[in-house]
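Please work from the sequences and hints to get the whole structure.
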Amino acid sequence: MLVQPSDRLITIIGGSGFLGRHIVRALARRGYRIRVACRRPELAGHLQPLGNPGQIMMVQANVRYPASLAAACEGAYAVINLTGVLYSAGAQSFDAVHAVGAEASARAAKNAGARLFIQMSAIGADPGSPAQYARSKADGERRAREQFPGAIVLRPSIVFGPEDSFFNRFAGMARFAPFLPLIGGGETKFAPVFAGDIGEAVARLVDRGEADGKTYEFGGPEVLSFRQLMQFTLDTIERKRLLVHVPWGLAKLQAAVLGLLPKPLLTLDQVELLKTDNVVSAEARREQRTLEGLGITPQGIEGIVPGYLYRYRKAGQFTAPRGIPE
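If you read the sequence shown in my numbering, its first letter stands for residue 901, the second for the next number, and so on.
Don't read these hints as lab results, they were simulated from the structure. On a predicted model such as this, the values are computed, not experimentally measured, just so you know. Just so you know, not all the hints are guaranteed correct.
As the list claims (entries may be wrong) - With a straight-line cut-off of 25 Å between C-alpha atoms, the simulated SDA-like cross-links for lysine to any residue are: (1) LYS1152 with LEU1165; (2) LYS1114 with GLN1047; (3) LYS1114 with PRO1049; (4) LYS1152 with GLN1047; (5) LYS1152 with LYS1163; (6) LYS1140 with GLY1203; (7) LYS1163 with TRP1148; (8) LYS1089 with ASP1064; (9) LYS1089 with GLU1122; (10) LYS1114 with GLY1203; (11) LYS1114 with ALA996; (12) LYS1114 with LEU950; (13) LYS1010 with GLY1113; (14) LYS1163 with PRO941; (15) LYS1175 with THR1115; (16) LYS1175 with GLN1047; (17) LYS1140 with LEU1165; (18) LYS1010 with GLU1110; (19) LYS1140 with TYR1208; (20) LYS1089 with GLN1047; (21) LYS1152 with ARG1186; (22) LYS1114 with ARG1186; (23) LYS1089 with LEU1165; (24) LYS1152 with GLY1113.
Said to hold, decoys possible - Taking CB as the label site, the calculated pair distances span: (25) GLY1028 with ALA1182: 12 to 22 Å; (26) VAL1123 with GLN1188: 16 to 26 Å; (27) GLY1013 with LEU1161: 22 to 32 Å.
All residues carry an ideal CB built from backbone N, CA and C; glycine is no exception.
Below, the structure written as structure tokens:
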């Protein structure tokens, strides 16, 4: 990888996960030096091949320990906070990670003299939401901006890519389950967005270097219902399964039980979130606070998802293409 090296250091808090690797890749291609702050840096070695030798380094940090954040942000030109959890568990609660963690990260960025602070949130973040996830995300946005005026907030719809927890999860279920559930009938709308497009968007915001205080909403080129996404998944992995309507009341009962598992398959919070469409707002589109507004043409699921879901077919990559006799 031949890039023009930069003396600017970018700290990415929680950058060792699924979305983090796409952001690291986009920034590394531009020559930025990258410091990935995560709880288990010894498990983040997969990021180093994304850049030149010495360009990407991992350090230990935890949003619940301000001193570790201060060390991770020292000398940073920009700080990006990606930390988030899908369900509350012990010390890793929604409030601790999404709200208090965002506040601590923004404070560390300000104290370090960073020019930019970018907070990863989610479409649906709302202080009045019945879902604690959405409330904590909104609280994190507010706290971050109180600490770092001009903080940029990013709200993506469902994010897809080779390591995602959406298409992989349901494709995995379809290997063994006789049906896939459609909570509330499966009519909730989504605008799936490619993780690589988010990575490029973050890199362009860093290149721009403007702490504009805007909230950007990121979605893909298509708005699809949950039912359509499940059917697309089944078609892609070439499996026939029933799509079963699960009424809201029954879904809540199931979530009350499944939410007790160490890694919940479904929570009451997730049921509440499914009652609201997860798409880019008309206001964000009008004000160009979108991928397109940043000059990015978003990529759809058809050209990317089949490339990593093939392993869920009966014979994996050796499954004969349709129309060719096996």
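Hints versus structure:
no.: 1; hint: LYS1152 with LEU1165; in the structure: holds (12 Å)
no.: 2; hint: LYS1114 with GLN1047; in the structure: holds (15 Å)
no.: 3; hint: LYS1114 with PRO1049; in the structure: holds (11 Å)
no.: 4; hint: LYS1152 with GLN1047; in the structure: violated (37 Å)
no.: 5; hint: LYS1152 with LYS1163; in the structure: holds (17 Å)
no.: 6; hint: LYS1140 with GLY1203; in the structure: holds (22 Å)
no.: 7; hint: LYS1163 with TRP1148; in the structure: holds (22 Å)
no.: 8; hint: LYS1089 with ASP1064; in the structure: holds (18 Å)
no.: 9; hint: LYS1089 with GLU1122; in the structure: holds (10 Å)
no.: 10; hint: LYS1114 with GLY1203; in the structure: violated (30 Å)
no.: 11; hint: LYS1114 with ALA996; in the structure: holds (24 Å)
no.: 12; hint: LYS1114 with LEU950; in the structure: violated (29 Å)
no.: 13; hint: LYS1010 with GLY1113; in the structure: holds (14 Å)
no.: 14; hint: LYS1163 with PRO941; in the structure: holds (22 Å)
no.: 15; hint: LYS1175 with THR1115; in the structure: holds (23 Å)
no.: 16; hint: LYS1175 with GLN1047; in the structure: violated (32 Å)
no.: 17; hint: LYS1140 with LEU1165; in the structure: holds (22 Å)
no.: 18; hint: LYS1010 with GLU1110; in the structure: holds (15 Å)
no.: 19; hint: LYS1140 with TYR1208; in the structure: holds (19 Å)
no.: 20; hint: LYS1089 with GLN1047; in the structure: violated (34 Å)
no.: 21; hint: LYS1152 with ARG1186; in the structure: violated (36 Å)
no.: 22; hint: LYS1114 with ARG1186; in the structure: holds (14 Å)
no.: 23; hint: LYS1089 with LEU1165; in the structure: holds (21 Å)
no.: 24; hint: LYS1152 with GLY1113; in the structure: violated (37 Å)
no.: 25; hint: GLY1028 with ALA1182: 12 to 22 Å; in the structure: holds (20 Å)
no.: 26; hint: VAL1123 with GLN1188: 16 to 26 Å; in the structure: holds (18 Å)
no.: 27; hint: GLY1013 with LEU1161: 22 to 32 Å; in the structure: violated (44 Å)
Checked against the numbered hints listed earlier, the structure breaks hints 4, 10, 12, 16, 20, 21, 24, 27; every other hint is satisfied.
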